[in-house]
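Please take these sequences and the hints and turn them into a complete structure.
So for the sequence shown, this note's numbering puts the first residue at 25; every next one is plus one.
No lab work stands behind these hints: they were computed from the structure.
Among the clues, some could well be false.
Derived DEER-like restraints, expressed as beta-carbon distance ranges [stated by the list, open to error]:
{"#": "1", "residue 1": "R56", "residue 2": "E155", "range": "38 to 48 Å"}
{"#": "2", "residue 1": "A64", "residue 2": "V110", "range": "21 to 31 Å"}
{"#": "3", "residue 1": "G178", "residue 2": "G87", "range": "28 to 38 Å"}
{"#": "4", "residue 1": "E102", "residue 2": "V210", "range": "28 to 38 Å"}
{"#": "5", "residue 1": "S177", "residue 2": "S61", "range": "45 to 55 Å"}
Keep in mind the model is a prediction, meaning the values are calculated, not measured.
Glycine included, every Cβ here is placed at the ideal spot set by N, Cα and C.
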Amino acid sequence: MTRTMTPRTMTPVRQRTPSAEIEDAVVEAALRLLAASGPASLTVRGLAAEADIAPMGIYNHFGDKNGVIDAVFRRGFEALTEAVAVADAIPDPLEALRAGLEGYRQFALGHRTTYAVMFLREVPGFIPTEESLVVAVESFAVLVRSIERGMHSGDLRSGDVQSIAQQLWSAAHGAVSLELAEMCLVDDVAGTYRSLVDTMIDGSGRIRAEAAGRAAPRARAR
Numbered sequence: 025m026t027r028t029m030t031p032r033t034m035t036p037v038r039q040r041t042p043s044a045e046i047e048d049a050v051v052e053a054a055l056r057l058l059a060a061s062g063p064a065s066l067t068v069r070g071l072a073a074e075a076d077i078a079p080m081g082i083y084n085h086f087g088d089k090n091g092v093i094d095a096v097f098r099r100g101f102e103a104l105t106e107a108v109a110v111a112d113a114i115p116d117p118l119e120a121l122r123a124g125l126e127g128y129r130q131f132a133l134g135h136r137t138t139y140a141v142m143f144l145r146e147v148p149g150f151i152p153t154e155e156s157l158v159v160a161v162e163s164f165a166v167l168v169r170s171i172e173r174g175m176h177s178g179d180l181r182s183g184d185v186q187s188i189a190q191q192l193w194s195a196a197h198g199a200v201s202l203e204l205a206e207m208c209l210v211d212d213v214a215g216t217y218r219s220l221v222d223t224m225i226d227g228s229g230r231i232r233a234e235a236a237g238r239a240a241p242r243a244r245a246r
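Set out below in structure tokens:
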């Protein structure tokens, strides 16, 4: 008796999405939802549907909704650090400062929703993790390095590096935030920003230059 062998139907094996791809998909989904509908749309089910993954994928990879926002925050600061780090490759410390602060503005204009999560408390109640705050500080460290280089070269007056960096950052952040809110009352917004940066840099170097100028006549008098 001949037995007929029926071919076995193979069930397709669904390939699991690597963790990095899932994080990419969910972060991008969160940004789309925020831009379109605001923070109220950030639910686990909403994020999962927008990212086309199972809700359990959110819990497995992020813990909860706040974990997703923390990933947006952390990735945003990683990208910001990359944008301002162009300063590290520029030999002239003052030009490095200008380039870094322009990189800050360009990042904000190109990533408005991410910037709002990072700086404007777009998601009520969100508190970044310690790990993400460490990442965030690195973008400020780039500014600090440029100022230290300027002090060492004599282009900037000696002083409290952290304080000067905070002043420059505050001025740049204020100008960028007004631009994002469309609250600028001048036609040349980009030119006004560059003038602000020049004014701040000039103010950081002027005291040293004036002191050197006053010292020169005294030296000649001797």
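Against the structure, the hints:
1. R56 / E155: 38 to 48 Å: violated, 25 Å
2. A64 / V110: 21 to 31 Å: violated, 37 Å
3. G178 / G87: 28 to 38 Å: Given a distance of about 50 Å, which is not inside 28 to 38 Å, the answer is violated.
4. E102 / V210: 28 to 38 Å: Cβ of E102 to Cβ of V210: about 32 Å, so the range 28 to 38 Å holds.
5. S177 / S61: 45 to 55 Å: Between S177 and S61, where Cβ atoms are some 49 Å apart, the hint holds.
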